[in-house]
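Colleague: Below are the chains, spelled out letter by letter.
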Amino acid sequence: NAGVTQTPKFQVLKTGQSMTLQCAQDMNHNSMYWYRQDPGMGLRLIYYSASEGTTDKGEVPNGYNVSRLNKREFSLRLESAAPSQTSVYFCASSESVGGRGIDTQYFGPGTRLTVL
Amino acid sequence: AQSVTQLDSQVPVFEEAPVELRCNYSSSVSVYLFWYVQYPNQGLQLLLKYLSGSTLVKGINGFEAEFNKSQTSFHLRKPSVHISDTAEYFCAVIIVGSARQLTFGSGTQLTVLP
Numbered sequence: 004n005a006g007v008t009q010t011p012k013f014q015v016l017k018t019g020q021s022m023t024l025q026c027a028q029d030m031n032h033n034s035m036y037w038y039r040q041d042p043g044m045g046l047r048l049i050y051y052s053a054s055e056g057t058t059d060k061g062e063v064p065n066g067y068n069v070s071r072l073n074k075r076e077f078s079l080r081l082e083s084a085a086p087s088q089t090s091v092y093f094c095a096s097s098e099s100v101g102g103r104g105i106d107t108q109y110f111g112p113g114t115r116l117t118v119l
Numbered sequence: 019a020q021s022v023t024q025l026d027s028q029v030p031v032f033e034e035a036p037v038e039l040r041c042n043y044s045s046s047v048s049v050y051l052f053w054y055v056q057y058p059n060q061g062l063q064l065l066l067k068y069l070s071g072s073t074l075v076k077g078i079n080g081f082e083a084e085f086n087k088s089q090t091s092f093h094l095r096k097p098s099v100h101i102s103d104t105a106e107y108f109c110a111v112i113i114v115g116s117a118r119q120l121t122f123g124s125g126t127q128l129t130v131l132p
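Residue numbers (the numbering used here), protein chains in the order written: chain A, 4 to 119; chain B, 19 to 132.
In isolation and in its complexed conformation, chain B is listed as follows:
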C-alpha cells in the first residue's frame, strides 16, 4: 500500500526567509514522488516530480526537493520565499509498476508574512 504524510498542516514564515515543507511516504518498494501547489481559488499545478536519477529535483518558482530513500522522505525547500508563494502544497506518491493511482497527502498551508 502507498500512503503519504505531510507532517505540518500549517507553516507560517516571514518573507525572504527559507522554508522546508516535510513529506514522508510509506512504501518499501520504488516510488515516484510529486509536489503540487494550489493557489487560492485555483486548481492544482505541478511544482516538481522525482521519477529517477538525481535525488535533488528542481522545480518551478525556485522550489527544490530532495528524495531520501533511507528516510522515505521528499521534503520541499525554497531558500527565500515571497508573498506570492502563499498557497497550499500537496505531496503525492505512486508505486512504480503499480496499477494504483496517485495518492495525495493532506496538504500544507504555507503562509508568507510581510
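In isolation and in its complexed conformation, chain A is listed as follows:
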C-alpha cells in the first residue's frame, strides 16, 4: 500500500517548456487535489477532482491544466512553464466524493519544480 505517489521528484525546465506531473493513489479515494507550496504562503489549491470524471478550479489555476485519467490517477500539466511556476507541487487524495476537504487528505511526497 504505497498511498499517494508522485513522479518525478525533481524537475528543471526552461521557460516555455511543457511537462506533466503524475499522481496516483491506491486507497480507492474519490477526491484528488493538486496544491503548490511557496515559502511563506502555505499551500494553495490549483485544481481538484471531486469524483472520477470531474475537475474544478482552485485558488490559483492559471497556467495549469489537469486530467482525472481514472479513479487512481490525476495529472497536472504545465503547457508553457514560467519562472513564477517554480514551486513544490503536492498531490493529495481523500475518501469522500465532493472533495471539500473535510475528510482527511493524504499527501504525496511532492515534486520540486524549477523553471529557469
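Mixed in with the good hints there might be a few duds.
[What the hints assert, rightly or not] For lysine-lysine, the following DSSO-like pairs were computed, each having C-alpha atoms within a straight-line distance of at most 30 Å:
no., chain 1, residue 1, chain 2, residue 2
1, A, 60, B, 67
2, B, 87, A, 74
3, B, 67, B, 87
4, A, 74, A, 60
5, A, 60, A, 12
6, B, 76, B, 87
Treat the hints as calculated values from the structure; they're not laboratory data.
Given the coordinates of chain A, assemble chain B onto it according to the supplied hints.
Modeller: Coordinates of chain B only, in the frame set by chain A:
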C-alpha cells in the same frame, strides 16, 4: 470569505519544554478547523481536526488544540516536545456548508533544540 493567520513563522523551543503554535481564523460563521504537519522532505499529514463537539481536540503524537469561538482561535499545544517534533505545522479552515475548499495558513516552523 475564509482566511487563517499563523502568527509565528518560526518557533524555536528546547527539548522537553511546552509549546504553543498560534492560529487565528477570520469568519463570522461556523467553521471546521485542522492542523497538518509536514516533516522535512515529506508531504503533509493530519494531526487533528475540529468538526463539532468538545472544543478540546486531541491528535496524534501528544498534540492537542482548543477551539475558541469567541477569540476565533485554534491554537496547537504540546506539554513536552521532542527533537522528532521538528517540522512545519499548518493550520487550515473551511466554512461549514461552503462550496469552497480548505484554506491553509502560511505555516509555523517548529524547531526543537537539544
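Colleague: For every hint, state whether the structure bears it out.
Modeller: Going through the hints against the structure:
1. A/60 - B/67: Satisfied, since the Cα-Cα distance of roughly 25 Å is no more than 30 Å.
2. B/87 - A/74: Distance ~38 Å between residue 87 of chain B and residue 74 of chain A Cα, so the pair is violated.
3. B/67 - B/87: Holds - the C-alpha atoms of residue 87 of chain B and residue 67 of chain B are around 15 Å apart, at most 30 Å.
4. A/74 - A/60: holds (18 Å)
5. A/60 - A/12: holds (24 Å)
6. B/76 - B/87: holds (17 Å)
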